[in-house]
Structures are given as structure tokens and as C-alpha cells.
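Novice: Sequence:
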Amino acid sequence: MHPLLLVLAFPLAAQSHDARGFERPGFAPGALDSQNGWIGSAAGGGLAPVVVTAPNPAIGDQAVRLEVADVQGATSTMQIPIPDPLAAGITRVRVSFSIYREPNPFLTNLWWWWVDPGDPTYGLQWDVYNGQVGDTLPFGWYGTGTGSIPIGRFVEVELDYDFSTNMAEGWVDGQLVTTVAIQNVQTLTAFVIHLAHDEGAGSGPERVWIDDFRIASGPWLSLFPEPLQAGNRMAAESVNLRAGAPSALAFSLTGPGSTYVPRLQVTLDLANPLQAGRVLTSDAHGRVLWDGMVPGGLAGRSVWLQAAQFRLKTNLVATGVR
Numbered sequence: 002m003h004p005l006l007l008v009l010a011f012p013l014a015a016q017s018h019d020a021r022g023f024e025r026p027g028f029a030p031g032a033l034d035s036q037n038g039w040i041g042s043a044a045g046g047g048l049a050p051v052v053v054t055a056p057n058p059a060i061g062d063q064a065v066r067l068e069v070a071d072v073q074g075a076t077s078t079m080q081i082p083i084p085d086p087l088a089a090g091i092t093r094v095r096v097s098f099s100i101y102r103e104p105n106p107f108l109t110n111l112w113w114w115w116v117d118p119g120d121p122t123y124g125l126q127w128d129v130y131n132g133q134v135g136d137t138l139p140f141g142w143y144g145t146g147t148g149s150i151p152i153g154r155f156v157e158v159e160l161d162y163d164f165s166t167n168m169a170e171g172w173v174d175g176q177l178v179t180t181v182a183i184q185n186v187q188t189l190t191a192f193v194i195h196l197a198h199d200e201g202a203g204s205g206p207e208r209v210w211i212d213d214f215r216i217a218s219g220p221w222l223s224l225f226p227e228p229l230q231a232g233n234r235m236a237a238e239s240v241n242l243r244a245g246a247p248s249a250l251a252f253s254l255t256g257p258g259s260t261y262v263p264r265l266q267v268t269l270d271l272a273n274p275l276q277a278g279r280v281l282t283s284d285a286h287g288r289v290l291w292d293g294m295v296p297g298g299l300a301g302r303s304v305w306l307q308a309a310q311f312r313l314k315t316n317l318v319a320t321g322v323r
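In our numbering, the protein residues as written are 2 to 323.
In short, the hints are calculated from the structure, not lab data. Any given hint could be a false lead.
Label-pair ranges, simulated between beta-carbon atoms [said to hold, decoys possible]:
id, residue 1, residue 2, range
1, D174, M294, 20 to 30 angstroms
2, S42, R154, 22 to 32 angstroms
3, G45, D117, 17 to 27 angstroms
4, G61, T188, 26 to 36 angstroms
5, N57, D174, 15 to 25 angstroms
Cβ coordinates follow ideal geometry from the N, Cα and C atoms, glycine included.
Please model the entire structure based on the sequences and the hints provided.
Specialist: Shown next, in the form of C-alpha cells:
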């Protein structure tokens, strides 16, 4: 066993999308439109989404900023199309992203939705008008919300769809907020985040920052941070695994390959794999989190990681160590 880290990395499966924090080299500062498949647009006095750096708030070095002028009807919109995971037979889909709202007595509506029909496919943060407290609802008018819109910090929203049970869970900052039934959702082809100045002029312009966006479909491995930092802590998370089952994390310093593991009856996509950390049991939602230190001796190396259970494996994640 190697004392390797465990990092949360976000792999790109065929029906998934990981913006990897909108960081370089995948994203350059400037207009979001046309970068890594994203579509950025604006209307009615809004500004098209842009990838920004400091002094803008960001979880890493970069984030996406949505901005609207003090004009009723102004909008700023970001959209990412993906291959339909439901058409591929995938039954677990998670969407997660982090939102930063700056202090403002008149917070503007922030919406998110799948472009596809059915419920629950949309959610929002209500505008705060006349100083009244708004609400964060992962699934729109369905179920419950948080009762507030946290400001001045990043807040994570997660939408977890389980099509094997036809139930969906909405999470905010790691807390389960609502559980609702999935109805008439047949496709999932594109996801939208949309800042809309619905209230009348006079409430002021507004900016919102989005970071750490990802869509995970099927067994999924994520690493944090990316790239890994030698001598620092890291975490590796797998989602959409079987619940309550032994789960192992493997890594390779050689590269991709094909290695059959008899005790798991699965072929890993790694050459010369080694086990990282301990075998853990996935929780009731099929999640596993490993954490640890990145050995200082790995600085400058490339690392490939993959998680597995009996006859089941995640995507392959490739990253570097600084």
C-alpha cells in the first residue's frame, strides 16, 4: 500500500461534465461562451458570463461571473449541453455547483434548470425585495428550501437524481433540504444557470459568481485539489456507487492500462495499479470519501486514479502533482 493521498477529482465520463473549477488550462479569463462546450449569453441589459480571477471571489483561482444591470428583464445565462445519461441507461445523476452572492438588500433571482421537461428539473434563489429574506430552493417550488440566501461566501447546491427509485434529493451546504418524486423526466441534455433581474428598476445591478460546477452520471471519482499539491492534504470522493459496499481506491504512476483484479472481478483502466488508503464502505447514498497526504516525493509526477467495488468501477482520473 502506498501512503498516497486521496483527492477529489472530477473525471469526464461520456455523459458527465466537470468544469474543474473553471481553472486553467481548461478555461482562460474572458468570455465563457465557447469554452469547453459552454454557451454564454445575455439579454435586456445583462452581461454575458465571463471567467474571472482575483479580486473576484473564487474557490481556486478562477470562477464565472454573471452580471445584470439595474434594468427589469436583464439576464445573464450560462448553459452546458451533455450527452443524455438516461439514454445511456445511467440511473444516478448528480449536479453540483457553488454560488457566491454579494451583500445586497435587493438580491436578484438566480435560477437553475435542465432544459428538458418533467419535474423536478429546476430550482432557484428567490429575489429579496423590500428587505425581505429570500429562500434557496434546490427544486423550485417543490418541497422545502433553506429559508435564506447565504451571502458573502460560497454555498454549494447539489441536485441528486436516482432514477432507479424515481426520487430526487436537494442539498445545500451538505445538508439535505428536500426530497421529491421524479415525474416525467425522460431526457437530460443541457443544464442552465440564469441570473434574472425580475424586479423593477431601482433595486440596483447585481453580480453572482459560480464555481466548482460538475455533472456526475454513473460511478464517478472526483479529486481535490487539482492538480495535487506535494506535501499537502488531498481528498478523493466517489459517488453513484452501490450503497453499503466495500470500496477501494487505486492509483498508478505509470499511466492508463488494463489490469484485472480477481478479488473484485473488475478490470481497472490502470497500468501497475496500487491501492491508495484503506478499503472503505460506501454510505447509504453510494458515496465514499478518502483523504490523506500527498507524498512530497511525488512533486512533478503524473498520477492516475480509479475507484472500484465488486464488478464496478468509476471513471479514470488523470492529474499532476505540483
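Novice: Look at each hint and say if it fits the structure.
Specialist: Going down the list of hints, with the structure as the test:
1. For the pair D174 and M294, the supplied restraint of 20 to 30 angstroms holds, since their beta-carbon distance comes to about 26 angstroms.
2. At about 27 angstroms, the beta-carbon gap between S42 and R154 stays in the expected band of 22 to 32 angstroms.
3. Separation of G45 from D117 is about 25 angstroms and conforms to the stated range, judged on CB atoms against 17 to 27 angstroms.
4. For the hinted restraint 26 to 36 angstroms between G61 and T188, the CB-CB distance of approximately 32 angstroms keeps it satisfied.
5. Evaluation of the 15 to 25 angstroms hint for N57 and D174 yields a pass: the beta carbon distance comes to about 21 angstroms.
Comparing the model with each numbered hint stated earlier shows that all of them hold.
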